[in-house]
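Student: Each chain, written out:
Number of protein chains: 2
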Amino acid sequence: MTDQKGTLYGLGIGPGDPELMTLKALRILQSVSVVAYPAPDTGDSLARSIAAPHMVEGQAEIVIRTPMTPGNFPADDVYDRYAAEIAGHLDGGRDVAVLCEGDPFLYGSFMYLYERLSGEYRAEVVPGVSSLGAVAAASGRPLVSRNQVLSILPAPLDEAELERRLGDLDACAIMKVGRHLDKVKRVLARMGLADGATYVERASMPDQKILPLNEVDGARAPYFSMVLVRRQEGNAEGAEK
Amino acid sequence: MTDQKGTLYGLGIGPGDPELMTLKALRILQSVSVVAYPAPDTGDSLARSIAAPHMVEGQAEIVIRTPMTPGNFPADDVYDRYAAEIAGHLDGGRDVAVLCEGDPFLYGSFMYLYERLSGEYRAEVVPGVSSLGAVAAASGRPLVSRNQVLSILPAPLDEAELERRLGDLDACAIMKVGRHLDKVKRVLARMGLADGATYVERASMPDQKILPLNEVDGARAPYFSMVLVRRQEGNAEGAEK
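Chains A and B supply the protein sequences, listed in that same order.
Numbers given in the working numbering equal positions in the first sequence, counted from 1, plus 606.
Numbers given in the working numbering equal positions in the second sequence, counted from 1, plus 606.
Calculated from the structure, these hints are not laboratory results.
Errors might be hidden in some of the hints.
Claimed, not checked - Pairs of lysine-lysine residues, derived as BS3-like cross-links and limited to a Cα-Cα distance of at most 30 angstroms, are as follows: (1) B:815 / B:782; (2) A:815 / A:789; (3) A:782 / A:815; (4) B:789 / B:815; (5) B:611 / A:815; (6) A:611 / B:611; (7) A:782 / B:782.
What the hints assert, rightly or not - Between beta-carbon pairs, the in silico distance windows are: (8) A:645 / B:669: 46 to 54 angstroms; (9) A:764 / B:700: 48 to 56 angstroms; (10) A:655 / B:637: 47 to 55 angstroms; (11) A:682 / B:663: 50 to 58 angstroms; (12) A:796 / B:774: 17 to 25 angstroms.
C-beta: ideal position from N, C-alpha, C; glycine also.
Work out the full structure, taking the sequences as your base and the hints as a guide.
Tutor: Structure representation (structure tokens):
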């Protein structure tokens with residue numbers, strides 16, 4: 607009775623402003639019986655707060671709490687357990703939407719549920735506005751143009767690896783800045799790239815903060831912060847043909 | 607009388623499926639007096655076809671036709687002329703929305719109008735779902751996870767530069783494949799990266815096409831095609847701490 611099973615949706619709900627959800631995500635969100643979303647070990651879920659204005663009454667909710675291991679990633683058995691809980695709903699014929707901040711397949715944790723469930727169940731990924739576009743819009747400057755190369759660097763990378771990658775830069779977005787802010791500032795300063803860099807925190811949200819990286823105090827930023835680095839003017843064009 | 611002037615909007619309308627437009631883009635699209643959109647030198651505008659189901663009657667339209675120069679980019683005076691036309695509407699107090707496929711600040715041509723007009727007029731960029739997320743969703747595989755580096759490489763880059771960039775790969779999306787398909791296939795084959803590569807054409811549109819790169823025939827792809835390349839399994843994790 608395969609066709610009685612529910613569908614799993616990975617729903618990109620955008621970078622923070624509930625109005626940056628797509629029409630498709632809205633339609634699916636309002637059609638499902640079960641809504642699941644990631645949340646920190648303790649405290650509220652950002653994903654749920656983005657979707658909250660659009661949710662409908664009577665939806666079951668699954669709060670996906672994923673305590674971090676020393677490697678900074680949740681243990682596999684945590685996702686095994688949530689996948690089993692979601693599978694129970696799908697087996698019962700109930701559609702389940704997993705809310706994903708930004709885009710589900712761009713550094714999203716949805717992939718850990720997708721890889722466990724998409725073999726057995728119908729699964730659909732609905733792309734969303736990523737924080738990348740929101741940060742660029744907030745900063746008032748294009749990320750990249752023409753034939754420039756854009757690199758997305760996770761701030762947890764080792765300092766040497768960050769420096770190596772930044773040495774080959776057209777434009778880059780350093781994501782997941784969080785507790786790595788000091789390291790990021792240090793590397794960029796050493797490379798002479800700090801002056802043109804922009805810091806953006808919680809793009810598109812009411813408490814959005816944008817300032818030159820050099821004016822950012824403190825050693826720690828929120829997880830949802832990003833640093834944009836662009837190659838200086840004068841050599842702004844990549845190879846063209 | 608600055609406050610009588612209209613507002614310029616760069617409206618990210620998503621990768622192709624009209625349902626992947628955001629609620630915010632929809633609201634603004636339906637509120638403006640003037641809608642402008644890029645179109646090829648001859649023929650229909652993809653951007654307009656994405657927005658068409660949502661447009662309202664009585665909106666003036668500006669078709670932005672940008673003949674390509676030998677360098678493959680439009681001449682400055684073309685944008686000067688369209689900026690002047692749009693400025694005329696803004697001076698008259700009419701809001702103007704420029705439709706942008708995908709996201710306005712990720713390789714979008716909107717930046718050429720923005721840089722000409724945002725000094726004098728109120729301008730707002732509304733981020734959209736980029737083709738990147740749509741392509742990943744269509745391919746059914748995450749683009750990047752954990753601390754992997756994602757690079758976005760424009761296919762027009764020189765063959766040697768493409769190869770150099772690909773040598774340092776976690777995951778990458780090669781954009782603007784178009785007439786560069788043969789070169790892209792050649793480079794990836796030489797580097798042993800062709801087998802795992804996925805070709806996606808017109809992601810999220812009714813005529814979407816997804817296949818292994820090795821099964822793609824022909825030397826030329828549509829402009830809206832992308833090749834996804836991922837590092838092989840076995841060394842899939844970047845440095846972590």
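Student: All hints are to be evaluated individually against the structure, with a verdict given for each.
Tutor: Going down the list of hints, with the structure as the test:
1. B:815 / B:782: Holds: residue 815 of chain B and residue 782 of chain B sit about 15 angstroms apart, inside 30 angstroms.
2. A:815 / A:789: Distance of about 20 angstroms is within 30 angstroms: holds.
3. A:782 / A:815: At roughly 15 angstroms apart (the allowed maximum being 30 angstroms), residue 815 of chain A and residue 782 of chain A satisfy the hint.
4. B:789 / B:815: holds (20 angstroms)
5. B:611 / A:815: holds (27 angstroms)
6. A:611 / B:611: Not OK: residue 611 of chain A and residue 611 of chain B at ~55 angstroms, beyond 30 angstroms, violated.
7. A:782 / B:782: holds (28 angstroms)
8. A:645 / B:669: 46 to 54 angstroms: Distance hint for residue 645 of chain A, residue 669 of chain B holds at roughly 47 angstroms.
9. A:764 / B:700: 48 to 56 angstroms: Taking Cβ atoms as reference, residue 764 of chain A and residue 700 of chain B lie about 53 angstroms apart, which means the hint holds.
10. A:655 / B:637: 47 to 55 angstroms: violated (26 angstroms)
11. A:682 / B:663: 50 to 58 angstroms: holds (55 angstroms)
12. A:796 / B:774: 17 to 25 angstroms: holds (20 angstroms)
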